[in-house]
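A.B. asks: First to last, the protein sequences are chains A and B. Its first residue numbered 61, the first sequence is counted upward by one per residue in this note's numbering. Its first residue numbered 61, the second sequence is counted upward by one per residue in this note's numbering.
Calculated directly from the structure, the hints in this document are not laboratory data. Watch out, some of these pointers could steer you wrong.
No distinction is drawn between identical chains; accordingly, a pair holds when it is met within one copy or between any pair of copies.
Claimed, not checked - Calculated lysine-lysine pairs in the DSBU-like style (CA-CA distance at most 30 Å, straight line): (1) 67 x 167; (2) 387 x 80; (3) 333 x 63; (4) 123 x 239; (5) 239 x 177; (6) 135 x 67; (7) 167 x 154; (8) 177 x 387; (9) 273 x 80; (10) 137 x 199.
If you want the building blocks of each chain, they are given just below.
2 protein chains.
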Amino acid sequence: MQKVYIKDLSQYVDQTVSLKGWLYNKRSSGKVKFVILRDGTGLLQCVVFKGNVTPEAFEAADKLGQESSLEITGKIKIESRAPGGYEMDVTDLKLIAESVDYPITPKEHGVEFLMDKRHLWLRSQRQVAILKIRHRIVKAIRDFFDERDFTLMDAPIITPSACEGTSTLFATDYFDLGKAYLTQSGQLYAEAGAMALGKVYSFGPTFRAEKSKTRRHLTEFWMVEPEVAFNDLNDDMDLAEEFLEYIVQSVLKDRAEELRILERDTTKLEAVKRPFPRISYDEAVEILHKNGIDFEYGNDLGGTDETVVSNQFDRPVMVHRYPSEVKAFYMKRDPENPKLALAVDVLAPEGYGEIIGGSQREDNLDLLLERIEQHQLPQEAFEWYLDLRRFGSVPHSGFGLGIERTVAWICGLEHVRETIPFARMIYRNTP
Amino acid sequence: MQKVYIKDLSQYVDQTVSLKGWLYNKRSSGKVKFVILRDGTGLLQCVVFKGNVTPEAFEAADKLGQESSLEITGKIKIESRAPGGYEMDVTDLKLIAESVDYPITPKEHGVEFLMDKRHLWLRSQRQVAILKIRHRIVKAIRDFFDERDFTLMDAPIITPSACEGTSTLFATDYFDLGKAYLTQSGQLYAEAGAMALGKVYSFGPTFRAEKSKTRRHLTEFWMVEPEVAFNDLNDDMDLAEEFLEYIVQSVLKDRAEELRILERDTTKLEAVKRPFPRISYDEAVEILHKNGIDFEYGNDLGGTDETVVSNQFDRPVMVHRYPSEVKAFYMKRDPENPKLALAVDVLAPEGYGEIIGGSQREDNLDLLLERIEQHQLPQEAFEWYLDLRRFGSVPHSGFGLGIERTVAWICGLEHVRETIPFARMIYRNTP
Numbered sequence: 061m062q063k064v065y066i067k068d069l070s071q072y073v074d075q076t077v078s079l080k081g082w083l084y085n086k087r088s089s090g091k092v093k094f095v096i097l098r099d100g101t102g103l104l105q106c107v108v109f110k111g112n113v114t115p116e117a118f119e120a121a122d123k124l125g126q127e128s129s130l131e132i133t134g135k136i137k138i139e140s141r142a143p144g145g146y147e148m149d150v151t152d153l154k155l156i157a158e159s160v161d162y163p164i165t166p167k168e169h170g171v172e173f174l175m176d177k178r179h180l181w182l183r184s185q186r187q188v189a190i191l192k193i194r195h196r197i198v199k200a201i202r203d204f205f206d207e208r209d210f211t212l213m214d215a216p217i218i219t220p221s222a223c224e225g226t227s228t229l230f231a232t233d234y235f236d237l238g239k240a241y242l243t244q245s246g247q248l249y250a251e252a253g254a255m256a257l258g259k260v261y262s263f264g265p266t267f268r269a270e271k272s273k274t275r276r277h278l279t280e281f282w283m284v285e286p287e288v289a290f291n292d293l294n295d296d297m298d299l300a301e302e303f304l305e306y307i308v309q310s311v312l313k314d315r316a317e318e319l320r321i322l323e324r325d326t327t328k329l330e331a332v333k334r335p336f337p338r339i340s341y342d343e344a345v346e347i348l349h350k351n352g353i354d355f356e357y358g359n360d361l362g363g364t365d366e367t368v369v370s371n372q373f374d375r376p377v378m379v380h381r382y383p384s385e386v387k388a389f390y391m392k393r394d395p396e397n398p399k400l401a402l403a404v405d406v407l408a409p410e411g412y413g414e415i416i417g418g419s420q421r422e423d424n425l426d427l428l429l430e431r432i433e434q435h436q437l438p439q440e441a442f443e444w445y446l447d448l449r450r451f452g453s454v455p456h457s458g459f460g461l462g463i464e465r466t467v468a469w470i471c472g473l474e475h476v477r478e479t480i481p482f483a484r485m486i487y488r489n490t491p
Numbered sequence: 061m062q063k064v065y066i067k068d069l070s071q072y073v074d075q076t077v078s079l080k081g082w083l084y085n086k087r088s089s090g091k092v093k094f095v096i097l098r099d100g101t102g103l104l105q106c107v108v109f110k111g112n113v114t115p116e117a118f119e120a121a122d123k124l125g126q127e128s129s130l131e132i133t134g135k136i137k138i139e140s141r142a143p144g145g146y147e148m149d150v151t152d153l154k155l156i157a158e159s160v161d162y163p164i165t166p167k168e169h170g171v172e173f174l175m176d177k178r179h180l181w182l183r184s185q186r187q188v189a190i191l192k193i194r195h196r197i198v199k200a201i202r203d204f205f206d207e208r209d210f211t212l213m214d215a216p217i218i219t220p221s222a223c224e225g226t227s228t229l230f231a232t233d234y235f236d237l238g239k240a241y242l243t244q245s246g247q248l249y250a251e252a253g254a255m256a257l258g259k260v261y262s263f264g265p266t267f268r269a270e271k272s273k274t275r276r277h278l279t280e281f282w283m284v285e286p287e288v289a290f291n292d293l294n295d296d297m298d299l300a301e302e303f304l305e306y307i308v309q310s311v312l313k314d315r316a317e318e319l320r321i322l323e324r325d326t327t328k329l330e331a332v333k334r335p336f337p338r339i340s341y342d343e344a345v346e347i348l349h350k351n352g353i354d355f356e357y358g359n360d361l362g363g364t365d366e367t368v369v370s371n372q373f374d375r376p377v378m379v380h381r382y383p384s385e386v387k388a389f390y391m392k393r394d395p396e397n398p399k400l401a402l403a404v405d406v407l408a409p410e411g412y413g414e415i416i417g418g419s420q421r422e423d424n425l426d427l428l429l430e431r432i433e434q435h436q437l438p439q440e441a442f443e444w445y446l447d448l449r450r451f452g453s454v455p456h457s458g459f460g461l462g463i464e465r466t467v468a469w470i471c472g473l474e475h476v477r478e479t480i481p482f483a484r485m486i487y488r489n490t491p
């Protein structure tokens with residue numbers, strides 16, 4: 061027998077179907093009980109009239125605890141006032157398994173309590189909506205690159221050397237090979253991939269053992285990193301804006317109901333259309349100064365600075381050409397001003413901060429060697445990376461998009477902890 | 061200017077285009093030089109006649125080292141004898157960057173040397189073909205679940221406790237919370253997801269610090285794990301066979317050229333159609349005994365045993381109902397014979413071994429508690445998992461598919477080390 065799901069009920073109007081799921085909520089009004097069933101695809105109001113079911117089933121409808129699992133049978137009717145637009149006239153109700161004293165009730169709970177019960181909290185309508193939007197974002201990301209002939213290039217998670225110091229890295233013993241470290245970025249590997257395949261993206265978890273306890277930081281987060289041979293910084297910005305527009309418009313198109321559940325102001329998302337403003341770091345500093353921010357030229361933008369800059373625009377803003385001092389060693393210098401790096405950060409609107417960081421990469425072997433020395437990095441660890449410049453070096457660029465910050469922005473969430481099924485933060489690695 | 065890629069040349073016949081890429085190979089015949097260009101999307105034979113280009117360009121075509129990067133311009137012609145079916149009549153050739161003494165030459169190299177140069181080895185036609193098939197497999201996996209309304213549920217990589225002993229786990233210090241461990245499977249978390257969303261899949265890297273130095277083992281490998289509420293073991297097998305057929309047929313349809321490059325016998329893959337044979341463990345043991353294998357009833361199947369069983373069939377075979385002793389604590393017992401677990405392993409044909417392991421899960425709280433005690437597991441670490449049985453438990457099942465073994469099977473590779481961009485094995489975590 062074909063399983064029936066709540067989201068497909070429009071095909072079953074005036075038919076009798078059996079649904080399996082969990083009791084989300086209930087209320088009673090004398091001889092009629094209302095059972096709200098959830099099955100992961102939606103909610104359905106099931107109406108139990110005393111005369112229509114056995115006395116046992118009617119009593120069950122009364123006594124069942126929240127999250128009891130049920131099989132419930134009845135006729136589907138159109139009912140515009142019900143959530144989802146349908147209602148079931150129940151003819152039978154069978155308990156599958158009880159749920160006594162379910163810990164998450166409709167009353168308010170503290171966040172720490174909910175995070176302790178994350179395995180159950182995921183069942184709430186709000187968390188289901190967030191996870192479905194997260195999924196749609198991930199699918200949009202993959203579709204975008206797949207449709208444009210990028211090849212997926214999974215970068216390794218376990219990496220051999222602590223290239224930029226061990227202070228923000230998770231370490232593990234690796235057999236007889238000494239310490240190994242969890243990756244912070246797949247970029248350097250994606251560069252090797254771009255030289256083999258032209259256009260690649262890596263997509264996987266990345267790790268940062270940073271002691272940042274903010275609403276934007278997780279120790280474990282997912283990142284997608286495209287890298288394209290023969291792309292310069294402008295191509296990189298073209299790719300980033302087309303990419304972000306595609307993600308946001310895909311979610312708007314296919315996840316309207318979930319955005320409604322989250323009470324997201326979608327007019328803010330509808331504005332996310334190309335072209336995005338492109339301003340230089342110098343122009344960003346001007347904006348800060350005009351807004352009375354005491355910002356010292358040469359520093360990197362902090363969280364508040366990002367918010368002030370992004371508040372000037374109704375869509376993501378691309379800030380390019382940062383002082384090379386505050387940017388990574390592998391970024392190419394601007395030929396017109398070698399104090400600047402050919403970097404770009406994309407700041408989300410509404411104060412959601414940096415969601416993309418990218419750059420054109422240094423493709424000159426000698427300059428890269430110089431930079432490695434200046435940054436006091438161990439050249440030996442980079443020999444393989446330097447080979448990419450020794451053997452047919454080409455201009456290339458790429459960027460990284462953080463998934464959880466993107467989910468937070470699109471869903472309109474205060475804190476990234478709700479953007480991933482089981483968040484990892486400095487004070488939490490359970491459940 | 062729109063970039064032109066080799067794979068799109070059918071649109072540019074009799075037009076003059078510029079291509080950027082790397083010198084894959086070359087040969088000379090007096091006044092004509094043949095330069096094979098690669099750009100990640102294919103190979104193109106470029107013909108350089110002495111009179112058609114500047115003397116500098118002609119000399120360059122002669123002297124360029126393998127993997128030099130080039131921009132090459134000329135008219136595209138149909139040429140059925142050329143790889144890909146097109147040829148370029150070169151009018152200009154510009155060097156972008158040299159490549160002197162490229163270490164991987166057409167001669168044979170040892171595997172360890174090639175693995176040391178993996179960042180360059182990826183550029184070979186064979187490795188490009190494998191990565192493109194890997195990508196197509198990953199895409200088929202995601203499409204399959206997305207089209208069937210599964211929700212993606214990323215399981216955490218960093219997990220709090222060493223549930224089944226620490227001997228095969230990678231450990232890391234986690235701030236003030238003590239040791240944490242890299243996940244071996246997202247299944248338990250996917251079960252929580254199935255209770256929230258009905259049908260979910262987790263897809264990410266998993267880790268095993270096992271000292272197995274075989275051609276089937278990596279320490280870091282990717283796994284996809286669907287989990288479905290209200291599915292029993294039969295549903296699980298239905299899902300697994302539909303899934304494997306979908307993956308194999310997708311690759312056959314879209315990656316014929318890459319399979320040809322790998323000299324894969326595709327008749328073997330064409331046979332991968334539903335229904336797959338389903339045999340019980342008892343029947344598998346009979347097959348072993350009939351084939352003269354000295355196999356003791358009650359043991360798990362080893363690599364050789366798997367090969368003998370799978371060689372009886374022309375498509376994947378599903379072996380179900382194993383002795384519960386050799387299977388994990390969370391598997392449900394067969395109500396008709398409690399000595400058996402409702403487990404299924406899917407063995408790939410041609411000796412590629414187990415690619416799927418799955419089961420119906422124990423949904424009874426008391427039996428699960430009993431099992432945790434028998435296996436001497438720390439109950440406290442499983443309290444959250446037990447909650448899934450305390451609050452509206454339902455029958456459910458799922459499985460895990462290992463990506464690298466699937467890639468090895470479909471590509472017809474001897475060893476899993478070539479199935480992933482940067483393989484991690486007990487004696488290798490570089491580059």
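A.B. asks: It remains to establish, for every hint, whether it holds in the given structure.
C.D. replies: Okay, the hints, checked on the actual structure:
In this homomeric assembly, residue 67 and residue 167 come within 30 Å of each other (Cα to Cα) only inside a single copy, at 27 Å, whereas the closest approach across copies is 59 Å. Taking CA atoms no more than 30 Å apart as the test, residue 387 paired with residue 80 passes between copies only; the shortest distance there is 29 Å, against 54 Å inside one copy. Taking the closest pair of Cα atoms, residue 333 and residue 63 come within 30 Å of each other only across two copies (24 Å); inside a single copy the shortest separation is 40 Å, beyond that limit. With identical chains, the CA atoms of residue 123 and residue 239 are never at most 30 Å apart, being 57 Å at best within one copy and 44 Å at best between copies.
In the homo-oligomer, the alpha carbons of residue 239 and residue 177 lie at most 30 Å apart only across protomers (21 Å), although the nearest pairing inside one protomer, at 34 Å, exceeds that limit. Proximity of residue 135 to residue 67 under the C-alpha cut-off of 30 Å is restricted to the intra-copy arrangement: shortest distance 15 Å within a copy versus 55 Å between copies. Taking identical chains as interchangeable, the C-alpha atoms of residue 167 and residue 154 lie at most 30 Å apart only when both belong to the same chain, with a minimum of 27 Å there against 70 Å between chains. When the C-alpha separation of residue 177 and residue 387 is checked against a cutoff of 30 Å, the pair qualifies only between copies, where the shortest distance is 29 Å, while the shortest distance within a copy is 40 Å.
In this homomeric assembly, residue 273 and residue 80 never come within 30 Å of each other (Cα to Cα): the closest approach is 41 Å inside a single copy and 46 Å across copies. Taking the shortest alpha-carbon separations for residue 137 and residue 199, neither the intra-copy value of 33 Å nor the inter-copy value of 38 Å comes in at or below 30 Å.
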